[in-house]
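Enquirer: As they're listed, the protein sequences go chains A and B. For the first sequence, position 427 (counting from the first letter as 1) is numbered 427 according to my numbering, and the numbering increases by one without interruption. For the second sequence, position 270 (counting from the first letter as 1) is numbered 270 according to my numbering, and the numbering increases by one without interruption.
A couple of the hints might just be wrong.
Same chains, same label: a pair holds when it works inside one copy or across any pair of copies.
With a cut-off of at most 30 Å between alpha-carbon atoms, the simulated BS3-like pairs for lysine-lysine come out as follows [as the list claims (entries may be wrong)]: (1) K334 / K192; (2) K225 / K280; (3) K380 / K334; (4) K192 / K176; (5) K169 / K144; (6) K62 / K192; (7) K394 / K62; (8) K334 / K448; (9) K444 / K279; (10) K323 / K176; (11) K280 / K11; (12) K169 / K11; (13) K323 / K393; (14) K144 / K334.
Since the hints were derived computationally from the structure, they do not count as laboratory data. The structure presented is a predicted model; accordingly, all values stated were derived computationally and were not measured.
There are 2 protein chains.
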Amino acid sequence: MNASEFRRRGKEMVDYVADYLEGIEGRQVFPDVDPGYLRPLIPTTAPQEPETFEAIIEDIEKIIMPGAASPACTELETVMMDWLGKMLQLPEAFLAGEAGEGGGVIQGTASEATLVALLAARTKVTRHLQAASPELTQAAIMEKLVAYASDQAHSSVEKAGLIGGVRLKAIPSDGKFAMRASALQEALERDKAAGLIPFFVVATLGTTSCCSFDNLLEVGPICHKEGLWLHVDAAYAGSAFICPEFRHLLNGVEFADSFNFNPHKWLLVNFDCSAMWVKKRTDLTGAFRLDPVYLRHSHQDSGLITDYRHWQLPLGRRFRSLKMWFVFRMYGVKGLQAYIRKHVQLSHAFEALVRQDTRFEICAEVILGLVCFRLKGSNKLNEALLESINSAKKIHLVPCSLRDRFVLRFAICSRTVELAHVQLAWEHIQEMAATVLRAQGEEKAEIKN
Amino acid sequence: MNASEFRRRGKEMVDYVADYLEGIEGRQVFPDVDPGYLRPLIPTTAPQEPETFEAIIEDIEKIIMPGAASPACTELETVMMDWLGKMLQLPEAFLAGEAGEGGGVIQGTASEATLVALLAARTKVTRHLQAASPELTQAAIMEKLVAYASDQAHSSVEKAGLIGGVRLKAIPSDGKFAMRASALQEALERDKAAGLIPFFVVATLGTTSCCSFDNLLEVGPICHKEGLWLHVDAAYAGSAFICPEFRHLLNGVEFADSFNFNPHKWLLVNFDCSAMWVKKRTDLTGAFRLDPVYLRHSHQDSGLITDYRHWQLPLGRRFRSLKMWFVFRMYGVKGLQAYIRKHVQLSHAFEALVRQDTRFEICAEVILGLVCFRLKGSNKLNEALLESINSAKKIHLVPCSLRDRFVLRFAICSRTVELAHVQLAWEHIQEMAATVLRAQGEEKAEIKN
Numbered sequence: 001m002n003a004s005e006f007r008r009r010g011k012e013m014v015d016y017v018a019d020y021l022e023g024i025e026g027r028q029v030f031p032d033v034d035p036g037y038l039r040p041l042i043p044t045t046a047p048q049e050p051e052t053f054e055a056i057i058e059d060i061e062k063i064i065m066p067g068a069a070s071p072a073c074t075e076l077e078t079v080m081m082d083w084l085g086k087m088l089q090l091p092e093a094f095l096a097g098e099a100g101e102g103g104g105v106i107q108g109t110a111s112e113a114t115l116v117a118l119l120a121a122r123t124k125v126t127r128h129l130q131a132a133s134p135e136l137t138q139a140a141i142m143e144k145l146v147a148y149a150s151d152q153a154h155s156s157v158e159k160a161g162l163i164g165g166v167r168l169k170a171i172p173s174d175g176k177f178a179m180r181a182s183a184l185q186e187a188l189e190r191d192k193a194a195g196l197i198p199f200f201v202v203a204t205l206g207t208t209s210c211c212s213f214d215n216l217l218e219v220g221p222i223c224h225k226e227g228l229w230l231h232v233d234a235a236y237a238g239s240a241f242i243c244p245e246f247r248h249l250l251n252g253v254e255f256a257d258s259f260n261f262n263p264h265k266w267l268l269v270n271f272d273c274s275a276m277w278v279k280k281r282t283d284l285t286g287a288f289r290l291d292p293v294y295l296r297h298s299h300q301d302s303g304l305i306t307d308y309r310h311w312q313l314p315l316g317r318r319f320r321s322l323k324m325w326f327v328f329r330m331y332g333v334k335g336l337q338a339y340i341r342k343h344v345q346l347s348h349a350f351e352a353l354v355r356q357d358t359r360f361e362i363c364a365e366v367i368l369g370l371v372c373f374r375l376k377g378s379n380k381l382n383e384a385l386l387e388s389i390n391s392a393k394k395i396h397l398v399p400c401s402l403r404d405r406f407v408l409r410f411a412i413c414s415r416t417v418e419l420a421h422v423q424l425a426w427e428h429i430q431e432m433a434a435t436v437l438r439a440q441g442e443e444k445a446e447i448k449n
Numbered sequence: 001m002n003a004s005e006f007r008r009r010g011k012e013m014v015d016y017v018a019d020y021l022e023g024i025e026g027r028q029v030f031p032d033v034d035p036g037y038l039r040p041l042i043p044t045t046a047p048q049e050p051e052t053f054e055a056i057i058e059d060i061e062k063i064i065m066p067g068a069a070s071p072a073c074t075e076l077e078t079v080m081m082d083w084l085g086k087m088l089q090l091p092e093a094f095l096a097g098e099a100g101e102g103g104g105v106i107q108g109t110a111s112e113a114t115l116v117a118l119l120a121a122r123t124k125v126t127r128h129l130q131a132a133s134p135e136l137t138q139a140a141i142m143e144k145l146v147a148y149a150s151d152q153a154h155s156s157v158e159k160a161g162l163i164g165g166v167r168l169k170a171i172p173s174d175g176k177f178a179m180r181a182s183a184l185q186e187a188l189e190r191d192k193a194a195g196l197i198p199f200f201v202v203a204t205l206g207t208t209s210c211c212s213f214d215n216l217l218e219v220g221p222i223c224h225k226e227g228l229w230l231h232v233d234a235a236y237a238g239s240a241f242i243c244p245e246f247r248h249l250l251n252g253v254e255f256a257d258s259f260n261f262n263p264h265k266w267l268l269v270n271f272d273c274s275a276m277w278v279k280k281r282t283d284l285t286g287a288f289r290l291d292p293v294y295l296r297h298s299h300q301d302s303g304l305i306t307d308y309r310h311w312q313l314p315l316g317r318r319f320r321s322l323k324m325w326f327v328f329r330m331y332g333v334k335g336l337q338a339y340i341r342k343h344v345q346l347s348h349a350f351e352a353l354v355r356q357d358t359r360f361e362i363c364a365e366v367i368l369g370l371v372c373f374r375l376k377g378s379n380k381l382n383e384a385l386l387e388s389i390n391s392a393k394k395i396h397l398v399p400c401s402l403r404d405r406f407v408l409r410f411a412i413c414s415r416t417v418e419l420a421h422v423q424l425a426w427e428h429i430q431e432m433a434a435t436v437l438r439a440q441g442e443e444k445a446e447i448k449n
């Protein structure tokens, strides 16, 4: 949607809200619909081609307003998470469908998704061990629990371990910054021999530092064999999996118990919107449900009625599936794929520019929209380059550390980015580099004299 | 703001956003401001009288845009939480000011605030005990930790205990559904004698069921004496404390370590916005901080730079202080006070109507905007009344259970509610009651025959 259509549609929405408020006394306080009313009213998959704004607004009046905030908020979320799951070709087991045991939920951030998965896994292993040995206390079990993630995993994984009160061990990644079978297996054997209880593994697809991918096809079978909960965190990279040519990066997700990525990062949905799926929704609700028994009902885990408050940390919820619905329909799957492809193309264009300049080096394989690069030379030199780029304030780069090497990260992430912006940015970086290298040369000359 | 002004202002905002997007290439990618730039630019307290929309928009351009999303998002939040703290007459120790050790943060919900407080308390007591006895493991300590809350506390407190992996004990409330000194002290003595370690107490001001108030002036000194973290949860009632005549309900908060209420419940700020204050911000950051040591800097806990990511569960944040800023200025403190007072008056008007009808009884003292009432008679009768009211869909009531009595709750909570609505609702309830009582009479007559 360009700015001029936004002006028109935005103002129509303002009128829609004002009309609603003015006419609110004429509306019923509670909807007439039955549980499950929404799913039959909308398609089972996202549209391939873009739809018009009019068509969407018409559906708001026809499909959402009769279901008011509740149950429409819950039911649209379940169906949108199925749409998105199908866009990613997630295994059927992760979808809610009409009678599935899995399903999706919108969390605020990947941090919360990881924490929720860890807590569910903690509850599951604790109950399992207590069923076999009823004398074991929760504390006695927690003392021995171990979670694992690659040394490249996001700090939110460590935070989840801290909050959950369990130890987290970092698995050394390989030369491509990926967690591999051998390193994981070695850690598991060592810990089991020491009497500890491995229970939870986080595999990262698209790490924050350099967008590396843990080897899911190696890690998955190990978790499956050892009975460990496998959580796959693809916070950034997940959006790319809607393109068939990138879907192979998700292979192995069939071994996971939970999977998460953030449409707010790269799928044009505004912050916050973190999409999380589980294969067995009872694993989540079992960890968080606090209903007294007499409130349970037969449909509770059937897909007919979903109590998302048992799937998350907070109690209250926002109607975040609406923005997914709008985005999926305004762009269509093809539009979203084109958006992802354009960003990946631009990052390869930047990579090619860097490779043409022998003063620079590429520091990690460019797979999606991130290019890790640096001047050949010391960390100090690259820190000076970053400092000069960020002080000029024409572009902004966030650095990372890869095996103690200070690295610059060029991230393609704006909705309106074009090749011209990338070229301008690169020319600017080259200029800054020339200045920094000249200063270094003068410094060296001074030391010699 | 009425609907016609909303139409006008809403459309101006749409244009503002579109203009911003069209002109984005002319803007700098990173702000020029220094840490702490914002506080001197705005008043130290919320305005008493309403301001114009123009004045607020002018400040957006002048004060927020030069600070972009960061640091403006953080700095406005700190100052808004100070404004709000002053509106409640919170003790100085909870304010950030320019060099305070306390301060406020916006969480999503009260559930998250309670959990964050519990985790901070857990970390603090664990470190304290380990400092004295380094051989103690975290698990050995957690096994003995006990948190306490009234039997009227919200289920989110129990959920926080579950997540934090510590036991939670319910303290029996008194005849007015309040936690008192004697019951708490008794539980503490019993648990200490059994070798357990009390560490955390949640006092509720305005319980969900009947808006009762724990006795903070009794509970506070006990927590202080025993060295327990006291968290005060006033999720609903907190908004009322901006009125001097209700401020006494908050007396005793000076004994608390953390305090929380939800402006999204009753202070005209849209969901979600849960305001939380702590006396020592290092208690929170100590529990969640994961920065490597070499990234620490001297201003970190000085109030000059605040890293809110260490104050909460998620990493990402939204710019929620903007809506507080708008609401506080559009209404002024006096406008917000008038809004609270009107609701409390209306609930007393409803209470008076109920008291005039001898078939009904009031079930808990009416203090703010909630009236708990029922037909004199069985739970079955009242369940039938609720069922008939909610099926008619003219009004909607949510029930509760008070000492096993099924009770109806009439909550004044709409922005546009007037006395006429309350009167209509009461007439409707009376009609439904007449029908339900008649049916009961006929049933009894049938049994007799």
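Enquirer: It remains to establish, for every hint, whether it holds in the given structure.
Expert: Hint by hint, here is what the structure shows:
Taking the closest pair of Cα atoms, K334 and K192 never come within 30 Å of each other, the shortest separation being 48 Å inside a single copy and 64 Å across copies. Only within a single protomer do K225 and K280 lie at most 30 Å apart by alpha-carbon distance; the minimum there is 18 Å, versus 47 Å between protomers. For the identical chains of this complex, K380 and K334 are neighbours neither inside a copy (44 Å) nor across copies (57 Å), given an alpha-carbon limit of 30 Å. With identical chains, the CA atoms of K192 and K176 are at most 30 Å apart within one copy only, with a shortest distance of 27 Å there and 54 Å across copies.
Taking the closest pair of Cα atoms, K169 and K144 come within 30 Å of each other both inside a single copy (12 Å) and across two copies (25 Å). In this homomeric assembly, K62 and K192 never come within 30 Å of each other (Cα to Cα): the closest approach is 57 Å inside a single copy and 60 Å across copies. For the identical chains of this complex, K394 and K62 are inter-copy neighbours only, at 21 Å across copies versus 47 Å inside a copy, given an alpha-carbon limit of 30 Å. Taking CA atoms no more than 30 Å apart as the test, K334 paired with K448 passes in neither setting, with 60 Å inside one copy and 72 Å between copies.
With identical chains, the CA atoms of K444 and K279 are never at most 30 Å apart, being 60 Å at best within one copy and 52 Å at best between copies. Taking CA atoms no more than 30 Å apart as the test, K323 paired with K176 passes in neither setting, with 36 Å inside one copy and 45 Å between copies. Taking the shortest Cα distances, K280 and K11 never come within 30 Å of each other, neither inside one copy (43 Å) nor across copies (45 Å). Within a single copy, K169 and K11 get their C-alpha atoms no closer than 52 Å, and across copies no closer than 53 Å, so neither meets the 30 Å cut-off.
In this assembly of identical chains, K323 and K393 lie within 30 Å of each other by CA distance solely across copies; the values are 29 Å between and 32 Å within a copy. Within a single copy, K144 and K334 get their C-alpha atoms no closer than 48 Å, and across copies no closer than 56 Å, so neither meets the 30 Å cut-off.
When held up to the earlier numbered hints, the structure conflicts with 1, 3, 6, 8, 9, 10, 11, 12, 14 and fits the remainder.
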